[in-house]
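Enquirer: The residues making up each chain are set out below.
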Amino acid sequence: MAKTTPGRFFEDFRLGEVIRHATPRTVTTGDVALYTALYGSRFAVQSSDAFARGIGYPSAPLDDLLVFHVVFGKTVSDISLNAVANLGYAECRFLQVVYPGDTLDTTSEVIGLKENSSRKTGVVYVRSTGRKPDGSKVLEYVRWVMVNKRDESAPAPGDHVPTLQSAVDPATLGSACPTINGNAYDYGLAGSPDQFGDYAPGEKIDHVDGMTVEEAEHQLATRLFQNTARVHFNQFAQAKSKIGRRLIYGGHVISLARSLSFNGLGNAFHVAAINGGRHVAPLFAGDTVFAWSEVIDRAELPGRTDVGALRLRLVATKDRPCADHPLRTGKDYDPAVILDLDYWALLPR
Amino acid sequence: MAKTTPGRFFEDFRLGEVIRHATPRTVTTGDVALYTALYGSRFAVQSSDAFARGIGYPSAPLDDLLVFHVVFGKTVSDISLNAVANLGYAECRFLQVVYPGDTLDTTSEVIGLKENSSRKTGVVYVRSTGRKPDGSKVLEYVRWVMVNKRDESAPAPGDHVPTLQSAVDPATLGSACPTINGNAYDYGLAGSPDQFGDYAPGEKIDHVDGMTVEEAEHQLATRLFQNTARVHFNQFAQAKSKIGRRLIYGGHVISLARSLSFNGLGNAFHVAAINGGRHVAPLFAGDTVFAWSEVIDRAELPGRTDVGALRLRLVATKDRPCADHPLRTGKDYDPAVILDLDYWALLPR
Amino acid sequence: MAKTTPGRFFEDFRLGEVIRHATPRTVTTGDVALYTALYGSRFAVQSSDAFARGIGYPSAPLDDLLVFHVVFGKTVSDISLNAVANLGYAECRFLQVVYPGDTLDTTSEVIGLKENSSRKTGVVYVRSTGRKPDGSKVLEYVRWVMVNKRDESAPAPGDHVPTLQSAVDPATLGSACPTINGNAYDYGLAGSPDQFGDYAPGEKIDHVDGMTVEEAEHQLATRLFQNTARVHFNQFAQAKSKIGRRLIYGGHVISLARSLSFNGLGNAFHVAAINGGRHVAPLFAGDTVFAWSEVIDRAELPGRTDVGALRLRLVATKDRPCADHPLRTGKDYDPAVILDLDYWALLPR
Numbered sequence: 001m002a003k004t005t006p007g008r009f010f011e012d013f014r015l016g017e018v019i020r021h022a023t024p025r026t027v028t029t030g031d032v033a034l035y036t037a038l039y040g041s042r043f044a045v046q047s048s049d050a051f052a053r054g055i056g057y058p059s060a061p062l063d064d065l066l067v068f069h070v071v072f073g074k075t076v077s078d079i080s081l082n083a084v085a086n087l088g089y090a091e092c093r094f095l096q097v098v099y100p101g102d103t104l105d106t107t108s109e110v111i112g113l114k115e116n117s118s119r120k121t122g123v124v125y126v127r128s129t130g131r132k133p134d135g136s137k138v139l140e141y142v143r144w145v146m147v148n149k150r151d152e153s154a155p156a157p158g159d160h161v162p163t164l165q166s167a168v169d170p171a172t173l174g175s176a177c178p179t180i181n182g183n184a185y186d187y188g189l190a191g192s193p194d195q196f197g198d199y200a201p202g203e204k205i206d207h208v209d210g211m212t213v214e215e216a217e218h219q220l221a222t223r224l225f226q227n228t229a230r231v232h233f234n235q236f237a238q239a240k241s242k243i244g245r246r247l248i249y250g251g252h253v254i255s256l257a258r259s260l261s262f263n264g265l266g267n268a269f270h271v272a273a274i275n276g277g278r279h280v281a282p283l284f285a286g287d288t289v290f291a292w293s294e295v296i297d298r299a300e301l302p303g304r305t306d307v308g309a310l311r312l313r314l315v316a317t318k319d320r321p322c323a324d325h326p327l328r329t330g331k332d333y334d335p336a337v338i339l340d341l342d343y344w345a346l347l348p349r
Numbered sequence: 001m002a003k004t005t006p007g008r009f010f011e012d013f014r015l016g017e018v019i020r021h022a023t024p025r026t027v028t029t030g031d032v033a034l035y036t037a038l039y040g041s042r043f044a045v046q047s048s049d050a051f052a053r054g055i056g057y058p059s060a061p062l063d064d065l066l067v068f069h070v071v072f073g074k075t076v077s078d079i080s081l082n083a084v085a086n087l088g089y090a091e092c093r094f095l096q097v098v099y100p101g102d103t104l105d106t107t108s109e110v111i112g113l114k115e116n117s118s119r120k121t122g123v124v125y126v127r128s129t130g131r132k133p134d135g136s137k138v139l140e141y142v143r144w145v146m147v148n149k150r151d152e153s154a155p156a157p158g159d160h161v162p163t164l165q166s167a168v169d170p171a172t173l174g175s176a177c178p179t180i181n182g183n184a185y186d187y188g189l190a191g192s193p194d195q196f197g198d199y200a201p202g203e204k205i206d207h208v209d210g211m212t213v214e215e216a217e218h219q220l221a222t223r224l225f226q227n228t229a230r231v232h233f234n235q236f237a238q239a240k241s242k243i244g245r246r247l248i249y250g251g252h253v254i255s256l257a258r259s260l261s262f263n264g265l266g267n268a269f270h271v272a273a274i275n276g277g278r279h280v281a282p283l284f285a286g287d288t289v290f291a292w293s294e295v296i297d298r299a300e301l302p303g304r305t306d307v308g309a310l311r312l313r314l315v316a317t318k319d320r321p322c323a324d325h326p327l328r329t330g331k332d333y334d335p336a337v338i339l340d341l342d343y344w345a346l347l348p349r
Numbered sequence: 001m002a003k004t005t006p007g008r009f010f011e012d013f014r015l016g017e018v019i020r021h022a023t024p025r026t027v028t029t030g031d032v033a034l035y036t037a038l039y040g041s042r043f044a045v046q047s048s049d050a051f052a053r054g055i056g057y058p059s060a061p062l063d064d065l066l067v068f069h070v071v072f073g074k075t076v077s078d079i080s081l082n083a084v085a086n087l088g089y090a091e092c093r094f095l096q097v098v099y100p101g102d103t104l105d106t107t108s109e110v111i112g113l114k115e116n117s118s119r120k121t122g123v124v125y126v127r128s129t130g131r132k133p134d135g136s137k138v139l140e141y142v143r144w145v146m147v148n149k150r151d152e153s154a155p156a157p158g159d160h161v162p163t164l165q166s167a168v169d170p171a172t173l174g175s176a177c178p179t180i181n182g183n184a185y186d187y188g189l190a191g192s193p194d195q196f197g198d199y200a201p202g203e204k205i206d207h208v209d210g211m212t213v214e215e216a217e218h219q220l221a222t223r224l225f226q227n228t229a230r231v232h233f234n235q236f237a238q239a240k241s242k243i244g245r246r247l248i249y250g251g252h253v254i255s256l257a258r259s260l261s262f263n264g265l266g267n268a269f270h271v272a273a274i275n276g277g278r279h280v281a282p283l284f285a286g287d288t289v290f291a292w293s294e295v296i297d298r299a300e301l302p303g304r305t306d307v308g309a310l311r312l313r314l315v316a317t318k319d320r321p322c323a324d325h326p327l328r329t330g331k332d333y334d335p336a337v338i339l340d341l342d343y344w345a346l347l348p349r
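Chains as they are written, first to last, in our numbering: chain P, 1 to 349; chain F, 1 to 349; chain A, 1 to 349.
What the hints contain is simulated information worked out from the structure, not anything from laboratory work. If you're wondering where the values come from, they're calculated on a predicted model, not measured in any experiment. Don't be surprised by glycine CBs; every beta carbon is placed ideally from N, CA and C. Wrong hints could be hidden among the right ones.
To be verified - In the DSSO-like style, the derived pairs of lysine-lysine whose C-alpha atoms are separated by at most 30 angstroms in a straight line are:
id	chain 1	residue 1	chain 2	residue 2
1	P	LYS3	F	LYS240
2	F	LYS240	A	LYS114
3	F	LYS204	P	LYS240
Said to hold, decoys possible - If you want a taste of the chain P side facing chain F, the calculated C-beta under 8 angstroms gives, among others:
id	residue
4	LYS3
5	ARG25
6	LEU95
7	GLN219
8	ARG223
Claimed, not checked - Chain F residues, not near chain A, derived (Cβ > 10 angstroms throughout):
id	residue
9	ARG127
10	ASP151
11	ASN181
12	PRO201
13	PRO321
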């Protein structure tokens with residue numbers, strides 16, 4: 001009779017297990033149009049076939065975060081349906097360009113398990129991999145989530161916490177970016193004169209604009225990604241929760257902040273890796289998202305003179321402009337901060 | 001001067017008349033992306049070109065209900081602009097696979113007319129047919145609606161109530177499903193292990209999840225289908241009505257319930273026919289839709305060993321989870337029930 | 001450090017200067033689907049590849065206003081980020097058919113500057129041109145906006161107010177419409193029997209229906225067009241303004257009114273030129289838009305017997321049906337009027 005799934009609980013995961021996720025998904029120019037409508041992204045490479053062709057792509061590639069959300073969405077019903085909290089990301093690398101017409105599916109390997117002392121929950125670490133049908137990898141990342149136990153008294157598997165890199169080695173970046181023809185990169189058309197060499201570690205950039213979020217918008221986005229997490233869609237159930245409201249998918253915040261970051265980082269056209277990220281506080285419909293960035297580091301890519309990598313901290317706030325780069329109040333995050341993301345972006349040199 | 005149409009009234013219809021509807025519509029991957037964003041559908045065949053090709057389609061077909069809504073939408077301005085109520089559906093068959101790039105148009109034949117005893121309204125029965133430009137049929141269904149009279153004293157045509165089948169004969173199903181290669185059907189990737197043979201009549205399945213609906217969502221959907229029914233869009237007029245609010249297109253509820261039904265019926269990939277359906281109560285923005293299904297019957301398709309048909313009752317509720325399969329309270333519907341749909345779905349064997 | 005742009009102020013513009021705008025944009029069937037979902041447009045030529053091919057297009061062209069919005073959106077961050085008011089349009093001509101897959105970019109020439117007597121603001125006139133990557137023109141229009149000065153005491157350039165035509169010469173219309181095969185134009189399928197010759201100057205048409213607008217809808221639209229005007233998206237900032245709410249992009253109103261005008265002008269399939277337009281009052285979410293049209297003039301196109309041009313006034317109101325064609329109360333606009341647009345549309349003869 002159990003044809004529906006209540007989702008896995010902590011004691012259902014096994015170390016080393018590989019989970020294949022439904023549903024495979026062909027991404028199209030329809031998804032691209034929706035991504036633009038949802039986030040207002042303006043990076044020229046992803047927006048214009050002509051611009052992309054000019055610098056060496058066969059056509060405009062998909063926005064990297066659209067690829068991330070589609071690959072991520074598939075994991076939810078197997079990994080995080082009974083999750084209490086999405087704790088972190090690490091070692092996320094974009095490994096191949098994705099174009100409209102490509103099909104993506106996802107598998108996850110359980111790489112860590114640790115029961116909490118309360119015995120009510122445990123932390124599950126998975127390495128999820130998005131692939132094309134030929135098996136080639138498109139995206140890989142580690143995520144860890146706190147998952148409820150079905151039964152407190154159930155024996156837990158022995159603890160195993162994986163060792164994770166604090167940042168992706170820049171020498172491994174660039175697989176999802178073809179060698180570009182820098183002479184053909186039109187900075188005027190791209191909307192910013194600033195190249196890789198114009199940014200220096202320590203530099204902070206306020207992205208100025210704010211974007212207010214509506215329930216219909218985040219629901220459309222999250223369904224587009226076939227992400228089934230109940231907290232995003234079911235107001236009837238959420239009304240009975242402590243929070244009382246629908247929670248907005250954390251990836252929605254990342255994409256909003258990344259789109260806002262165009263104003264200041266207009267040539268940071270490719271997200272090559274995500275070193276880590278924390279959803280510091282929830283976002284709700286009606287809130288306005290602002291963002292600022294800090295340049296943390298700069299790296300050349302081995303053997304490549306066309307692009308360089310900036311390590312960026314991208315901070316998003318709600319209902320709080322970012323002219324003064326809010327981050328911490330004492331040891332805690334500033335109460336307006338909702339996202340603290342650490343990633344590598346590529347820019348033309 | 002009468003260049004605009006106020007819509008037809010009951011006395012404007014003639015038995016046997018065939019009405020050609022505007023506007024022809026080419027369906028695209030853009031529509032597919034929007035359908036996913038609006039409903040979160042996750043059936044692998046419609047989601048992945050690679051999956052569809054693997055089992056014998058040239059590419060992913062359109063979701064059957066997207067085809068239904070596009071064909072249906074065209075009929076509204078000619079048939080139901082002055083309708084008081086959408087009373088029922090019958091004999092709905094999907095007759096041909098539809099792919100992105102296909103163009104659809106619709107005609108309707110008036111097959112029944114019956115004035116109500118009040119003489120203020122009458123019931124109009126139409127058989128609507130969706131076609132590709134070569135004239136081949138894509139979809140056929142009977143719908144009956146209660147339509148206002150312009151003038152109570154107008155003579156009505158003689159009553160004629162058509163005889164309708166209570167269910168589509170399963171021997172006629174399958175035209176819109178190519179012979180599939182069952183060996184290539186990947187149940188892991190599809191998200192459910194359950195095949196045709198795993199379901200038995202009498203079985204009831206709670207689809208668990210709920211989906212809250214926003215005004216922007218149903219308006220986007222209904223405009224996408226070029227459905228012009230005023231009650232869905234015009235709050236200024238609705239505010240003056242007894243209901244006071246915009247009514248949500250009944251098809252929106254059907255698609256939400258069908259998408260929710262993936263959790264429990266993940267391999268029921270093709271809606272082959274709709275035997276009947278009733279919009280028991282209206283849905284409004286802010287309500288949360290839940291759904292459950294009952295297996296009513298099972299049938300093999302003549303000469304086909306690749307797929308079998310399940311006759312399913314799909315019940316949707318608002319603000320009421322379906323763990324106990326709510327349907328009736330005494331002779332009446334449970335007050336939470338909003339949809340009672342009877343359809344045939346195909347599953348791999 | 002100034003990697004972000006606060007937008008140009010009045011004293012930053014130079015007469016004769018040509019500004020290249022970011023971001024180039026490939027338009028796709030995804031954009032077409034979203035345009036349909038946002039506005040419910042039903043013109044057969046733009047909706048059906050088969051219909052378009054029948055009359056001589058290679059496939060369905062993009063809706064003219066979608067082209068307008070994409071070309072316009074790019075100008076905002078350079079021209080009107082610090083605008084106080086969008087004052088008018090003139091000399092807008094559609095010069096080339098646009099199909100899914102085409103890429104558009106925009107440049108603007110500053111053709112007029114006039115400081116206001118307050119010295120706090122000035123009027124900037126630009127002629128904006130949308131082009132395909134081969135440099136061929138797609139669309140040209142003049143717009144003038146009132147822009148804040150950064151510094152009241154800053155010297156202003158000498159005043160220059162360009163001479164603008166009060167209407168586009170009909171002899172110059174038609175570049176963006178191929179010669180159509182009138183015999184193949186199926187009026188039944190298009191949804192209206194009325195041709196060019198059936199409309200007479202002075203004729204007024206109420207478009208009957210109303211459409212209520214939601215915040216999510218206009219935000220999705222405006223981001224789709226990569227229009228970055230802050231007033232549309234940032235409720236946090238708007239809450240502190242006199243208006244207190246997000247303003248809806250004026251182009252959203254134009255597209256809603258144009259879509260409503262299908263009921264009465266179903267064969268006016270191509271917007272060939274916009275002679276002028278005024279956003280009389282702002283529209284806010286929750287308001288319901290109605291529209292009516294007046295035929296101002298009629299013109300044949302030199303050497304063409306396939307199509308003729310109607311000069312139309314398109315008036316939109318909020319929360320006010322248009323059966324009595326509201327326009328003025330004394331010398332002022334009727335308080336319900338929000339748009340007064342003057343354009344040329346082509347219809348088959």
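Enquirer: Look at each hint and say if it fits the structure.
Expert: For each hint, the structure was consulted:
{"no.": "1", "hint": "P:LYS3 - F:LYS240", "result": "violated (46 angstroms)"}
{"no.": "2", "hint": "F:LYS240 - A:LYS114", "result": "violated (48 angstroms)"}
{"no.": "3", "hint": "F:LYS204 - P:LYS240", "result": "holds (27 angstroms)"}
{"no.": "4", "hint": "LYS3", "result": "holds (5 angstroms)"}
{"no.": "5", "hint": "ARG25", "result": "holds (5 angstroms)"}
{"no.": "6", "hint": "LEU95", "result": "violated (18 angstroms)"}
{"no.": "7", "hint": "GLN219", "result": "holds (7 angstroms)"}
{"no.": "8", "hint": "ARG223", "result": "holds (3 angstroms)"}
{"no.": "9", "hint": "ARG127", "result": "holds (18 angstroms)"}
{"no.": "10", "hint": "ASP151", "result": "holds (20 angstroms)"}
{"no.": "11", "hint": "ASN181", "result": "holds (29 angstroms)"}
{"no.": "12", "hint": "PRO201", "result": "holds (39 angstroms)"}
{"no.": "13", "hint": "PRO321", "result": "holds (26 angstroms)"}
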